Each structure stands twice: as C-alpha cells, then as structure tokens.
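What follows is each chain in one-letter form.
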Amino acid sequence: MDEETFVRTWALAQISPGINLLKLTVLVGYYLRGWPGLLAGMAGLLIPSASATILMTAGFAMVRQQPLVQAALRGILPATIGLSLAMAVQMGQPLLARAHREGPRRLGLQIGVMVLAGLLLALWNVSPLVILMASGGVTILFHMWVPAAGVLPAAEVLPAVEIQPAAKDLPAKDGGPAALVGPLTGDVGIVGAPDHSTSETLAEDGALADGPEGEQP
Amino acid sequence: MIDWLLYFWLFLKASLFSTGGLGNLPFLHSDLLAHGWAGEADFITAIAVGQVSPGPTGLWSISLGYLTYGWLGAGLATAALSLPPLLALVVGAFYYRLEHNPAVQDFTRGLSLGVVGLSLAVTASLVGSAMKDGWSIVIALITFGLALSKKVPVIVLLGLAALAGILLYQ
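Note that the protein sequences, when read in sequence, are chains H and V. Per my numbering, the first sequence starts with residue -13, numbered consecutively. Per my numbering, the second sequence starts with residue 7, numbered consecutively.
Bear in mind the hints are in silico, worked out from the structure with no lab data behind them. None of the values given here were measured: they were computed from a predicted structure. Think of the CB as a built atom: it goes at the ideal place given N, C-alpha and C, for glycine as much as any other residue. Don't take each hint at face value.
Stretch-level coverage of chain H by chain V, calculated; a stretch enters the list once three of its residues show a Cβ under 8 Å from a Cβ in chain V [said to hold, decoys possible]:
| # | segment |
| --- | --- |
| 1 | -4 to 5 |
| 2 | 9 to 22 |
| 3 | 35 to 46 |
| 4 | 53 to 66 |
| 5 | 71 to 81 |
| 6 | 93 to 104 |
| 7 | 116 to 128 |
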C-alpha cells in the first residue's frame, strides 16, 4: 500500500460510520487481502481489546463497592469530564480555524451551528440524528449563499475532512501526498484526487490552495 | 425488562450515525435513559473504562453494554460496533467520485460541527453526577488542560485522578 492510497483511505475512514481504527482496519485489510484480510484484521484488533474492555468492566463491577475504589472513582469521574471536553475542543478547533480563514460570516455560522446543535439536545432533547442532518443541511445552504472570503475557487476543491497528525507525519516522497498537506498546516483532508496523478499537479494544487490562505491574517 | 433486539438496534444506530470516539454517546445517552436501561453513572464509568482499556476509545460502549445488560449486553454492543465499519467499503465506492463536490464537503463539515456541539451538550449533562464538590472541578480542569497539551498519556491522567480521589476522599 503506497502513501497516497493510505492517506485517501484515512480520509474515507473519517467520514464513514463507526470507530475510526476499525474502519481503517476494514479498508486496509480489504485492500491488501480481500475479505480474509478484512476479517483477520478485525479479529486481530477486536478480540484482544474487546475482551480486555469487558474484563476490566467486570473486574470493576466486582470491586465497585469497596471504599478505596469509591474514593478513586470520585477522582476519575471528573477527570473523564475533563477528557471528553478536551476531545470536543480538539475536534472543533481545526474546524473553526478553517472557518476563520474563510471570513467572519462563515466563522459566525459555524459557531452558531455548533452551539445550536448542543442547545437543541440539551434543552429540547431533539433526536441527535435530526440535529446532525440539520447541521449538515444548514451548512450546505449557508455556504452556497456566502462564499468563502479570499479563497480561490481552486482552494474550494480541497475537501472538508480534517487530516489527523499521523497522516501529516507521513514522509514526503517525490512531492507525494505529504507535500500537499505540509504547507496547509494540517487543514486538508483528502489528498490525491483522481486527477492528482503526477507530482506536478500535486505541487501546483498545493501552491494554489496555499496562496490565498497565506494572505489571510 | 430489556428487549435485546431493541437494545442491539439502539447500539447499532448509535454506531451507524457516528464516526468514532464518543460520537455515539449522544445517541446512547438519550435512548438508553429514555428506556430506563442505564443511569448517568453507567455512562461515566463506561467512558472511564473505555479510556483506560487498550484499543480505541470507541470501545467504551462495550463497557456500557456490560454495565447495563451483563455479558449479553457486552456481546451485543461488540456486534453493534463491528458491523458499521464494513460500510466504509460501500461509502468508498461513492465517495471517491464525490469527494470534490462542494455540497458533500459542506455537509461533512456541518456534520462535524454538529458532532462537537452534541458532545459538549452530553458532557454538560454528565457534570451533575460526576462532580459533587470544588475538588472535582479542580480535577476536571487540570485533566482538561493536560489532555489538551497532549503531553501526558490518558492512562497516566486517569491514574493521577484516581490517586487524587483516594487522597481527597478516603
């Protein structure tokens, strides 16, 4: 599997349903060895980690009433809150950073979508599915109405899915995927479109996309 | 009494409409609470176990399955999160043709924004049962800061939090 295939696989895994690592395992396993590869990969990942999770939960359920465990738990639970808050921030930060480069109106809308999604669930208990579909729909409509400020149409072609650090760290080879990702401060999701077959097109696209964004303060 | 088919469907649905991590939390949180099949404590405990145990954080729902419905629940939860990733093969067939379509990109961005908003809302709703005094706010804030800095592994953070709990409350 070459770098470009891996990076595209990674991007695809970001938007399809389920746990990222499982999707990556499915795609890589299938790409390399077909269904046997897929099943072997899934089994190799799931059997040890799922068993460990169940056993740890079972062990915990047995000692849950011990005073020492209770005390430890009173420390762990607030820490879990801090952790999930950090996860939300880590996920939201690159999204808003990208919106910020596209101008204040788009930034305002995207913050609005985020806040409204949270409020709809917290205050009116609206179904998460409805909220997610509405978030996607509203963003499409508003982005059609308000074009990104200072971004050339060529840069619009770049996809929305955020790339993960692991993919960014891939070494650049012959102006390969990493060369395109590099100058864009990790903001680009999918690398290597069908027409990006040569290193020349890659470098050109990278330069095009980088130019206008670089000029934005 | 838990209807195991519905239980499985709720887990499957949560996995189908989320893309990993704690993305399935809002779904399971509203559905299981609505049926009275789980309490707030089950969720926080399962998330904590999911963070500590090896493998992806997303496996936290297996722990939730065990806490709410025993071994059967854990098995159903595991099955429910093993199936949706297979759809990546199907999504891939369409996605590589659509990946440069602006509407598809905007929809994906909107989805991610919604996911962040939902996780914040669920986290807020768990605060009540996880944080009872001033110290717990301190612990949550310190963990939040250290987790953002990415300098300390999650398992170490939770270990320190457990130690703090023992020292403070034992």
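Verification of the hints:
1. -4 to 5: Contact hint for the segment -4 to 5 of chain H vs chain V: holds, 9 residues under 8 Å.
2. 9 to 22: n = 5 at 8 Å, threshold three: holds.
3. 35 to 46: Per the Cβ count (9), the hint holds.
4. 53 to 66: holds (count 13)
5. 71 to 81: holds (count 9)
6. 93 to 104: holds (count 7)
7. 116 to 128: Answer holds; 9 residues pass the 8 Å Cβ test.
Of the numbered hints listed earlier, not one is contradicted by the structure.
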